[in-house]
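Chemist: Chain by chain, the residues run as shown.
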Amino acid sequence: MSTLIIGLSISMLLFLLAAGLTLIFGMLGVINFAHGALYMLGAYLAFQAHATFGSFWPALIVSPLCLAAAGLAIERLTLRPLYPRTHEFQLLATFGLILVIEEVVRVVWGLDYRHLTPPPGLTGSVALFGSDIARYRLFVIGFGAAVIAALFFGIERTKLGLVLRAASVNPTMAATLGIDVNLVRSLVFALGAGLAGIGGTIAGPLLPIQLSMGFTIILDCFIVVVIGGLGNIKGAVFGALLIGMTRAFGQLYAPEWIDIATYVVLLAVLLVRPQGLFAAKERLA
Amino acid sequence: MRMRVSGIAAATVATLMACVGPAMAQDSFKIGGVLPLSGAFGIVGENMRRGAVIALEERDNKVLGKPIQVIWEDSETSTQVAVQKTTRLLSQGVHTIFGEVSSGSTLAMMKLTEQRKVPHIVTLSADDRITGADKTRYAFRTSNSVAMENAMIGEFARRQKIAKVYGIVADYQVGRDMWTALKADLATKNIAIAGEDFTPIGTKDYSILLDKASKSGADGLMLLVVGGDVVTSLKQGADVGIKDKMKVFGTMLMDETLGQAVGPGSIGINSTLRYHFTERSPRNQKFVAAYRAKYNEYPSQYAGEAYDGLSWWLDTVETTGGWDKEKWVDAFANSTRFDSVEGVKKMRRCDNQASQIGLFGTAVAGTGELPPVTMKITETFGAETLFKPCS
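Note that the protein sequences, when read in sequence, are chains A and B. So this note's numbering is basically just the index in the first sequence, starting at one, shifted up by 111. So this note's numbering is basically just the index in the second sequence, starting at one, shifted up by 712.
Calculated from the structure, these hints are not laboratory results. Just so it is clear, CB atoms sit at the ideal spot from N, CA and C, and this is done for glycine as well. Just so you know, not all the hints are guaranteed correct.
Claimed, not checked - Simulated DEER-style distance windows between Cβ atoms: (1) A/235 / B/827: 53 to 63 Å; (2) B/827 / A/385: 12 to 22 Å; (3) B/781 / A/199: 36 to 46 Å; (4) A/198 / B/1007: 24 to 34 Å.
Claimed, not checked - Residues from chain B that face chain A, not an exhaustive set, calculated with beta carbons under 7 Å: (5) 752; (6) 889; (7) 907; (8) 908; (9) 910; (10) 912; (11) 920; (12) 951.
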């Protein structure tokens, strides 16, 4: 049972990291290679906010907001001119963004590892089912579930969500109905970048904050997103749960096979359902 | 007759060239520094570069009366890139290659430096093959080997009266080799192995493994992980109080740099150290003062070892008084550094491995000007206990 809880915490962290990626692809049709770099920038900003305000909670607000603002600028300056072009241009642009973001982080924060501590009430552990589970992990599970609920509610049950979906499914029709499609696109990218900021902040107390952290995480994000179906939030939740549990139980029984097990799951899904388990064609831009 | 005269003249010129050639057209002493200045080991490479810079500045950037020109190349934490950059440097006619961090990269670079007969100074990579099965005439290691680190860990476990050890080991060749050798050593000390797990480099969650270790009945946890995984495992271990349940130790598991990344959870972690800035030797005090003046921080073990190895090498080159690489190599192979930053270091001619003391430390809270997490040296092992005599 404790393995299940730890697996759930791994899954929620994976979801938080992959949510922005899948949202941007689902709504904009952009495969954002720079998502890992944004996540890394989010972790560094969280470190800086923590150092400035002396607490984790302001970091959890400041970092996503800064990333959302950066997302707005990135979308306006680099992606908007490229929407009419093929995906290759977007891939190149987002790859270029990685280099820019990494260089900025290197200049501002240097190469040293940075440290982010959990808030005082979430340090230490509690005994559950015969194991000590870190309180912060339980928070990650709860926080991840709240973000899932907020995303589902926001996209499926609100007027804003309706506008987002309309603009992604048929931007021309949406524009004729008076929707400012460019603004919607900017907001979606900002939301995706903000989610990367949330992911970076939440991961900060668990993982080393370093320049290469985005590179190592982006692969996991893509696995989750591909399994779930590109651009599908429900799929991202399921993909994160599948990979999180595979990793948790893999570590319990055969840790040296854990990477292979992850890729076997990915291959199996691609063989059975190449478009991903929850792919919704109408969502693809 | 004319042909005979020409032949004699040609032979004379050739002989003269052989004698004076190495000294001709040498307007600078070129060092090719191949280090990871970006990627996972970027922080390590940057620290090594800083230490090396102090070694050069200490001698006014000169050796053999000529300025030293260092060409730094970023290996990007990739063996393939390290090999490409080394090949390029060798084609530029460097007199010495300095680096790398990763043992795999160093071993690959050694093949190139051997082919081109260029001296190669290794100040961090620990794989035993560097001065063992794959040793070359031209590569010298001035820092610790895996065997040396293992000997310290085994001795530490014995002195701490640890009865059972659980091993969490990075799943790569050096990690597995090191763990296999350590298990054999622990067996001779009647220390049992409670369990072992091999985990891929880059593992982002260690909580299940740490939970297994804490339930195994072991009173010692050997964490044999590398790079960012050290921080990940210790951060996650601190959350569940792993160090309160068992003695946590490992090779290069903790220092001031890693302590900064892990935070207060570092306190109490035990680790081998290649070098420590608190060493009392006059050379070290001079080095630390210069380093602090330039970088406004204490030198890390990566910086200390880089400084020590490179300054030893350049001093040796100076003593030869000439530009013959073969003479440099011979001189270094027979050299003893009486005033290294860690006391006496003696280069073993049999394997080009520096015989030296070994340091073991525990992380404590830093006071005053010291970093927030500072290593306290708890054990110093003599060279005679760490090295087998050359056969």
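Chemist: So, for every hint listed, does it hold in this structure?
Modeler: These are the hints, each one checked on the structure:
no., hint, result
1, A/235 / B/827: 53 to 63 Å, "holds, 56 Å"
2, B/827 / A/385: 12 to 22 Å, "violated, 48 Å"
3, B/781 / A/199: 36 to 46 Å, "holds, 42 Å"
4, A/198 / B/1007: 24 to 34 Å, "violated, 45 Å"
5, 752, "holds, 5 Å"
6, 889, "violated, 15 Å"
7, 907, "violated, 11 Å"
8, 908, "violated, 10 Å"
9, 910, "holds, 4 Å"
10, 912, "holds, 5 Å"
11, 920, "holds, 4 Å"
12, 951, "holds, 4 Å"
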